[in-house]
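Peer 1: Using the working numbering, you'd call the opening residue of the sequence shown number 80 and step up by one each time.
Since the hints were made in silico from the structure, they are not lab data.
Here a beta-carbon is modelled for each residue, glycine too, at the ideal position from N, C-alpha and C.
One or more hints might be untrue.
As a list, the in silico DMTMM-like pairs of lysine to aspartate or glutamate whose alpha-carbon atoms are at most 25 Å apart [claimed, not checked]:
{"#": "1", "residue 1": "Lys-212", "residue 2": "Glu-238"}
{"#": "2", "residue 1": "Lys-216", "residue 2": "Asp-227"}
{"#": "3", "residue 1": "Lys-216", "residue 2": "Glu-111"}
{"#": "4", "residue 1": "Lys-216", "residue 2": "Asp-115"}
{"#": "5", "residue 1": "Lys-93", "residue 2": "Glu-201"}
{"#": "6", "residue 1": "Lys-216", "residue 2": "Asp-185"}
{"#": "7", "residue 1": "Lys-105", "residue 2": "Glu-248"}
{"#": "8", "residue 1": "Lys-212", "residue 2": "Asp-89"}
{"#": "9", "residue 1": "Lys-93", "residue 2": "Glu-197"}
{"#": "10", "residue 1": "Lys-101", "residue 2": "Asp-89"}
{"#": "11", "residue 1": "Lys-212", "residue 2": "Asp-123"}
{"#": "12", "residue 1": "Lys-153", "residue 2": "Glu-197"}
{"#": "13", "residue 1": "Lys-153", "residue 2": "Glu-114"}
{"#": "14", "residue 1": "Lys-216", "residue 2": "Asp-192"}
{"#": "15", "residue 1": "Lys-216", "residue 2": "Asp-102"}
{"#": "16", "residue 1": "Lys-105", "residue 2": "Glu-94"}
{"#": "17", "residue 1": "Lys-212", "residue 2": "Glu-148"}
{"#": "18", "residue 1": "Lys-105", "residue 2": "Asp-218"}
{"#": "19", "residue 1": "Lys-195", "residue 2": "Asp-185"}
{"#": "20", "residue 1": "Lys-101", "residue 2": "Asp-123"}
{"#": "21", "residue 1": "Lys-93", "residue 2": "Glu-111"}
{"#": "22", "residue 1": "Lys-153", "residue 2": "Asp-102"}
{"#": "23", "residue 1": "Lys-212", "residue 2": "Glu-197"}
{"#": "24", "residue 1": "Lys-196", "residue 2": "Asp-218"}
{"#": "25", "residue 1": "Lys-212", "residue 2": "Glu-111"}
{"#": "26", "residue 1": "Lys-153", "residue 2": "Asp-192"}
{"#": "27", "residue 1": "Lys-153", "residue 2": "Glu-201"}
{"#": "28", "residue 1": "Lys-216", "residue 2": "Glu-114"}
{"#": "29", "residue 1": "Lys-216", "residue 2": "Asp-97"}
{"#": "30", "residue 1": "Lys-195", "residue 2": "Asp-227"}
{"#": "31", "residue 1": "Lys-212", "residue 2": "Glu-94"}
Pairwise CB distance ranges (calculated) [as the list claims (entries may be wrong)]:
{"#": "32", "residue 1": "Asp-89", "residue 2": "Lys-196", "range": "33 to 39 Å"}
{"#": "33", "residue 1": "Glu-248", "residue 2": "Gln-177", "range": "52 to 58 Å"}
{"#": "34", "residue 1": "Val-232", "residue 2": "Gln-98", "range": "22 to 28 Å"}
{"#": "35", "residue 1": "Asp-185", "residue 2": "Trp-95", "range": "39 to 45 Å"}
{"#": "36", "residue 1": "Asn-109", "residue 2": "Asn-205", "range": "15 to 21 Å"}
{"#": "37", "residue 1": "Asp-89", "residue 2": "Gly-176", "range": "20 to 26 Å"}
{"#": "38", "residue 1": "Trp-95", "residue 2": "Ser-198", "range": "30 to 36 Å"}
{"#": "39", "residue 1": "Asp-102", "residue 2": "Gln-177", "range": "17 to 23 Å"}
{"#": "40", "residue 1": "Gln-213", "residue 2": "Arg-90", "range": "32 to 38 Å"}
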Amino acid sequence: MLYDPNPLEDRVLKEWADQIHKDLWKTAQNMEQSEDWLYDQAGDTFLMACVRLAQVFDTEIRHAGIFIENNREKIAFIYGLAYLSTCKSLRLLNLAGQRQPGLGGDIIQVCIDQLKKESRHEAQCNIVLMRIKQIIKMDCYQRIFGRDRRQLVLQFFDEIRNEEQEIYE
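Required output: the full structure, derived from the provided sequences and hints.
Peer 2: Written out as structure tokens, the structure reads:
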């Protein structure tokens, strides 16, 4: 069965980028500039397999939302995430997480476990964890220093100023 559209196609990724925080997208794009190990060339068998997986996550419903259950499948998924560009990797993880809540946490745990074992999957796990860490860090900075937070603080100061004026009038 063929699916359309390709959830990892540039046009579709840009549509998704419009739905997420613009700084997240910019961070992912900046991270991609230093990624020279990627396998996600157009038409490549690896990319087509990842596209098919993304289409499955995007369209099919499974019992209890379980797609990736055991560690072997999770490690294979980690390889896919590591060798895709950051933007495609985040979108694939996003689609998977929508269908299988908790998968992101499972992926992080498997990566940590593999690093503790000093396994042969160490490089791929490091890539995935580094990307997730950067995105989480950016998200935290955005929450602390973002425009919405700044507006709330300014609004709070205005309320205090107004209350002080009422007291002294």
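Peer 1: For every hint, state whether the structure bears it out.
Peer 2: Status of each hint after checking the structure:
1. Lys-212 x Glu-238: Judged against 25 Å, a Cα distance of about 37 Å means the pair is violated.
2. Lys-216 x Asp-227: Given that 25 Å is the threshold and the Cα spacing comes to 17 Å, the pair holds.
3. Lys-216 x Glu-111: Holds. Lys-216 to Glu-111 sits at ~17 Å (cutoff 25 Å).
4. Lys-216 x Asp-115: 23 Å, holds
5. Lys-93 x Glu-201: 31 Å, violated
6. Lys-216 x Asp-185: 19 Å, holds
7. Lys-105 x Glu-248: Violated, at about 49 Å.
8. Lys-212 x Asp-89: 24 Å, holds
9. Lys-93 x Glu-197: 37 Å, violated
10. Lys-101 x Asp-89: Between Lys-101 and Asp-89 the Cα gap is close to 16 Å, so the pair holds against 25 Å.
11. Lys-212 x Asp-123: 28 Å, violated
12. Lys-153 x Glu-197: Cα-Cα ~17 Å, so holds.
13. Lys-153 x Glu-114: 22 Å, holds
14. Lys-216 x Asp-192: 22 Å, holds
15. Lys-216 x Asp-102: Distance of about 12 Å is within 25 Å: holds.
16. Lys-105 x Glu-94: 14 Å, holds
17. Lys-212 x Glu-148: The given pair, whose Cα atoms are some 23 Å apart, holds under the 25 Å limit.
18. Lys-105 x Asp-218: At roughly 12 Å apart (the allowed maximum being 25 Å), Asp-218 and Lys-105 satisfy the hint.
19. Lys-195 x Asp-185: 15 Å, holds
20. Lys-101 x Asp-123: 29 Å, violated
21. Lys-93 x Glu-111: 15 Å, holds
22. Lys-153 x Asp-102: Roughly 28 Å separates the two Cα atoms, so the pair is violated.
23. Lys-212 x Glu-197: The given pair, whose Cα atoms are some 20 Å apart, holds under the 25 Å limit.
24. Lys-196 x Asp-218: Measuring from Cα to Cα gives roughly 30 Å; hence the hint is violated.
25. Lys-212 x Glu-111: 15 Å, holds
26. Lys-153 x Asp-192: 12 Å, holds
27. Lys-153 x Glu-201: 14 Å, holds
28. Lys-216 x Glu-114: Holds: Lys-216 and Glu-114 sit about 19 Å apart, inside 25 Å.
29. Lys-216 x Asp-97: 20 Å, holds
30. Lys-195 x Asp-227: 39 Å, violated
31. Lys-212 x Glu-94: 24 Å, holds
32. Asp-89 x Lys-196: 33 to 39 Å: Given range 33 to 39 Å: holds, Cβ gap about 37 Å.
33. Glu-248 x Gln-177: 52 to 58 Å: 54 Å, holds
34. Val-232 x Gln-98: 22 to 28 Å: Given about 27 Å between the Cβ atoms, the range holds.
35. Asp-185 x Trp-95: 39 to 45 Å: Roughly 22 Å apart at Cβ, these two residues miss the hinted range, so it is violated.
36. Asn-109 x Asn-205: 15 to 21 Å: For Asn-109 and Asn-205 the Cβ distance comes to about 18 Å; the hint holds.
37. Asp-89 x Gly-176: 20 to 26 Å: With Cβ atoms ~21 Å apart, the hint holds.
38. Trp-95 x Ser-198: 30 to 36 Å: Distance hint for Trp-95, Ser-198 holds at roughly 32 Å.
39. Asp-102 x Gln-177: 17 to 23 Å: 21 Å, holds
40. Gln-213 x Arg-90: 32 to 38 Å: 25 Å, violated
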